[in-house]
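Colleague: Sequence:
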Amino acid sequence: MTVRVRIAPSPTGNLHIGTARTALFNWLYAKHNHGEFILRIEDTDQERSQDQYTQNILEGLKWLGIDYDSGPFFQTQRLEQYRAAVHLLLDQGLAYYCYCSEAELEQMREEQKAKKQAPRYDNRHRHLTKQQRTEFANAGRKPVIRFVIEEPRELTWLDLVRGDVTWNTRDLGGDIVIARVDDQGQVSLPLYNFAVVIDDIAMEITHVIRGEDHIANTAKQILIYEALGAEIPKFSHLPLILNAQGAKISKRDGATSVFEFQQMGYVPEAFNNYMVLLGWSDPNGREIFSPSEVAEVFEFERVNKSGARFDWDKLNWINSQYLHNMDPEILCDRLIPFWQAAGFNPNFERNWLIDLVKLIAPSLTVLTDAVDMARYLFIDNLEYTEEAIAILKAESVKPILIALAQALKDTPTLTPDSASSLIQSIAKSLNLKKGAIMKPLRCALSGDIHGPDLISSLLLLAQRGVAVTRIETALEIN
RNA sequence: GCCCCUAUCGUCUAGAGGCCUAGGACACAUCCCUUUCACGGAUGCGACGGGGAUUCGAAUUCCCCUAGGGGUACCA
Numbered sequence: 248m249t250v251r252v253r254i255a256p257s258p259t260g261n262l263h264i265g266t267a268r269t270a271l272f273n274w275l276y277a278k279h280n281h282g283e284f285i286l287r288i289e290d291t292d293q294e295r296s297q298d299q300y301t302q303n304i305l306e307g308l309k310w311l312g313i314d315y316d317s318g319p320f321f322q323t324q325r326l327e328q329y330r331a332a333v334h335l336l337l338d339q340g341l342a343y344y345c346y347c348s349e350a351e352l353e354q355m356r357e358e359q360k361a362k363k364q365a366p367r368y369d370n371r372h373r374h375l376t377k378q379q380r381t382e383f384a385n386a387g388r389k390p391v392i393r394f395v396i397e398e399p400r401e402l403t404w405l406d407l408v409r410g411d412v413t414w415n416t417r418d419l420g421g422d423i424v425i426a427r428v429d430d431q432g433q434v435s436l437p438l439y440n441f442a443v444v445i446d447d448i449a450m451e452i453t454h455v456i457r458g459e460d461h462i463a464n465t466a467k468q469i470l471i472y473e474a475l476g477a478e479i480p481k482f483s484h485l486p487l488i489l490n491a492q493g494a495k496i497s498k499r500d501g502a503t504s505v506f507e508f509q510q511m512g513y514v515p516e517a518f519n520n521y522m523v524l525l526g527w528s529d530p531n532g533r534e535i536f537s538p539s540e541v542a543e544v545f546e547f548e549r550v551n552k553s554g555a556r557f558d559w560d561k562l563n564w565i566n567s568q569y570l571h572n573m574d575p576e577i578l579c580d581r582l583i584p585f586w587q588a589a590g591f592n593p594n595f596e597r598n599w600l601i602d603l604v605k606l607i608a609p610s611l612t613v614l615t616d617a618v619d620m621a622r623y624l625f626i627d628n629l630e631y632t633e634e635a636i637a638i639l640k641a642e643s644v645k646p647i648l649i650a651l652a653q654a655l656k657d658t659p660t661l662t663p664d665s666a667s668s669l670i671q672s673i674a675k676s677l678n679l680k681k682g683a684i685m686k687p688l689r690c691a692l693s694g695d696i697h698g699p700d701l702i703s704s705l706l707l708l709a710q711r712g713v714a715v716t717r718i719e720t721a722l723e724i725n
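Plus 247 on top of the position in the first sequence (first one is 1) and you've got our numbering.
Just so you know, the hints here were simulated from the structure itself, not pulled from any lab data. By construction, the Cβ of each residue, glycine as well, lies at the ideal position given by its N, Cα and C atoms. Heads up, some of the hints might be wrong.
Said to hold, decoys possible - Keeping only pairs whose Cα atoms sit at most 16 Å apart, straight-line, the calculated EDC-like set for lysine to aspartate or glutamate is:
no., residue 1, residue 2
1, Lys686, Asp627
2, Lys481, Glu451
3, Lys640, Asp695
4, Lys552, Glu459
5, Lys278, Asp316
To be verified - Label pairs and their in silico Cβ distance ranges:
no., residue 1, residue 2, range
6, Ser537, Glu634, 39 to 49 Å
7, Glu596, Gly682, 23 to 33 Å
8, Asp529, Ser348, 46 to 56 Å
9, Phe321, Glu451, 13 to 23 Å
10, Glu633, Trp599, 24 to 34 Å
11, Asp558, Pro399, 40 to 50 Å
12, Asp529, Ser317, 25 to 35 Å
Can you build the whole structure from these sequences, using the hints too?
Modeller: Encoded structure:
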C-alpha cells in the first residue's frame, strides 16, 4: 500500500511555523516510505479565508523546499462531493436538520455552565417530526446539518506517536454540525471535521499527521469514517511548538510565520533543520542535517510526546552553522537582496563581492547581519562611532595615518602580503607596535573599533579605490 | 467546570530494569587562537517534579499527587 499523506492548511493567515513543521513531518514520512504528499487548502471558512494567505502558504512551502506530489486542491471547489456525502448520511438517519438558533444554543450553554456541567449540544433536534421541521422552516429558521454521535461509547485508536488514545463519545459535546444550509435550503459549505474526512477518503490518505491540538477531532472523524463505511487511516499527532513560557506559540511571541523568519535572515535549510529537531531526534545523534538525510531514517517512534519550546538561541546557532559552511557564491546571491533593501549598491565586481562574503561569512548569524557588517565597505560617506572618533582625534595617530596614506599611494598593487609588510614597516619606522598601527587604521577605514579582518578590509577598500581617501578623511577629524 | 495528553540540566534532547558517578547540543563561564569583534578549539557549570508500589536492582514498570499543555464552536 502506498503511503499517502497531506498537509491541509487553512488560508486564514500567513504560513504558520506550526503548519510548516507539520508539513515537513508529512514530507519526511512520505519520502521515507516513497509515498505521496498532497497539498489541500481548507478554505471553507469564507469569513476568514483570503487569497493572499493562500499565496503566502504556497510561497512559504516553496521557500522551504517542501514540495508536494499533487495539489493544491481547494475545498471550496469540492462542494458537490461534500453535499453528496451529507445526503448519504441524511438518508440513513445518521445526520439530521437542526433548527436551533444561535441564541438558543448560547442560552443552553450558559445554563450548563451555571450548573457546572460541560457545555454541549443536547441533541434536542435529533428526532424532530416532519411537522416540527416545517414549522421551524416556516418560522424563518435556518437549519444546519448535525451528525449523530452515539453515546456513551469508548473509542480507542492507535496513535503512531502517542500509542493508544481513548476517548468516550459522551465527551464530544453532542451531535456535531457538519454542514450549513444555504438560503435555498440546499446543503452548502461543510465544516472542518466533515470536510477533512470526505477529502481524506477521496484522496486516499493513509496517514493523518497533524498537530496535537487535533486529538479531540480524531474521535469525531473516526465516527464519520465509520458512518461512511470508509477505511480509517493511521493517525500521528505531533507535539506542539511552545513559546518560551511553555504555551502554544502565538502571534504575541514575535515571529510565527515562515515569512517573518525569511525576512529576519534565516535560511530555509536552517529553519527546516531546527523544526525537525523540535520533537524528533536522530538515532545517530546528528543535529545538522538536510530533510533528505532525515527522511532516510525518519520514524514516528522517535517523535517525542511532549511539546517543545521554541528556542531562538538554538535556531540562531543552526542558522550560523549553515551560513558559515555555505558556498560563497550561493551565500552572495542570498545576501544581495538584503544589501539592496538596505540601500546599498552591490553592483560591484563579482569577485569583489565574493571576497567580501568570504570575509564576513564566519561572523554571520542571520543574513541581515551582513548589512551592518558590510556597510563600511559599501557606503561612500563613512560614519564614525564615538570610540573611533576618540582614537582618530588623538595627535599621536596623525603621523601614523599620514604614513599609511603615503605608503598606500606608493604601493600600486596591494596584496595580502604587501599590505601586511606595509604595516610592519610603518610600525618599525615609527617605533610602534603593530597594534598601534592597526587600531587607527581600522577606525579610519571602517569608522569603528571592531570589525572584520583589517587586512582584508583594506584590500577590499583599496580595490574600490577609496582606501587612501578614507585615511585622508580621517585625518581631518578633530 | 469537564475530557484528553505530557513530565530528564535554563532550553532541545539521549535513555526501552543493571552498560547511568545520567550522554550530547544550544546558552552561560573560563582558557587557547587572534590587532579588534566574531569564527574555531579546550575545559567547566548544570537535570531524572513529589510520594508510594513492584524488583536483588527503577530515570526506565504500576498507582496517587502536583505541575504544565491541549481540547471543549454553525474556526480550522
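Colleague: Against each hint, give a clear statement of whether it holds in the structure.
Modeller: Evaluated hints:
no.	hint	in the structure
1	Lys686 - Asp627	21 Å, violated
2	Lys481 - Glu451	12 Å, holds
3	Lys640 - Asp695	13 Å, holds
4	Lys552 - Glu459	9 Å, holds
5	Lys278 - Asp316	11 Å, holds
6	Ser537 - Glu634: 39 to 49 Å	42 Å, holds
7	Glu596 - Gly682: 23 to 33 Å	32 Å, holds
8	Asp529 - Ser348: 46 to 56 Å	55 Å, holds
9	Phe321 - Glu451: 13 to 23 Å	18 Å, holds
10	Glu633 - Trp599: 24 to 34 Å	30 Å, holds
11	Asp558 - Pro399: 40 to 50 Å	42 Å, holds
12	Asp529 - Ser317: 25 to 35 Å	29 Å, holds
Violation of the numbered hints given earlier is confined to hint 1; every other hint is satisfied by the structure.
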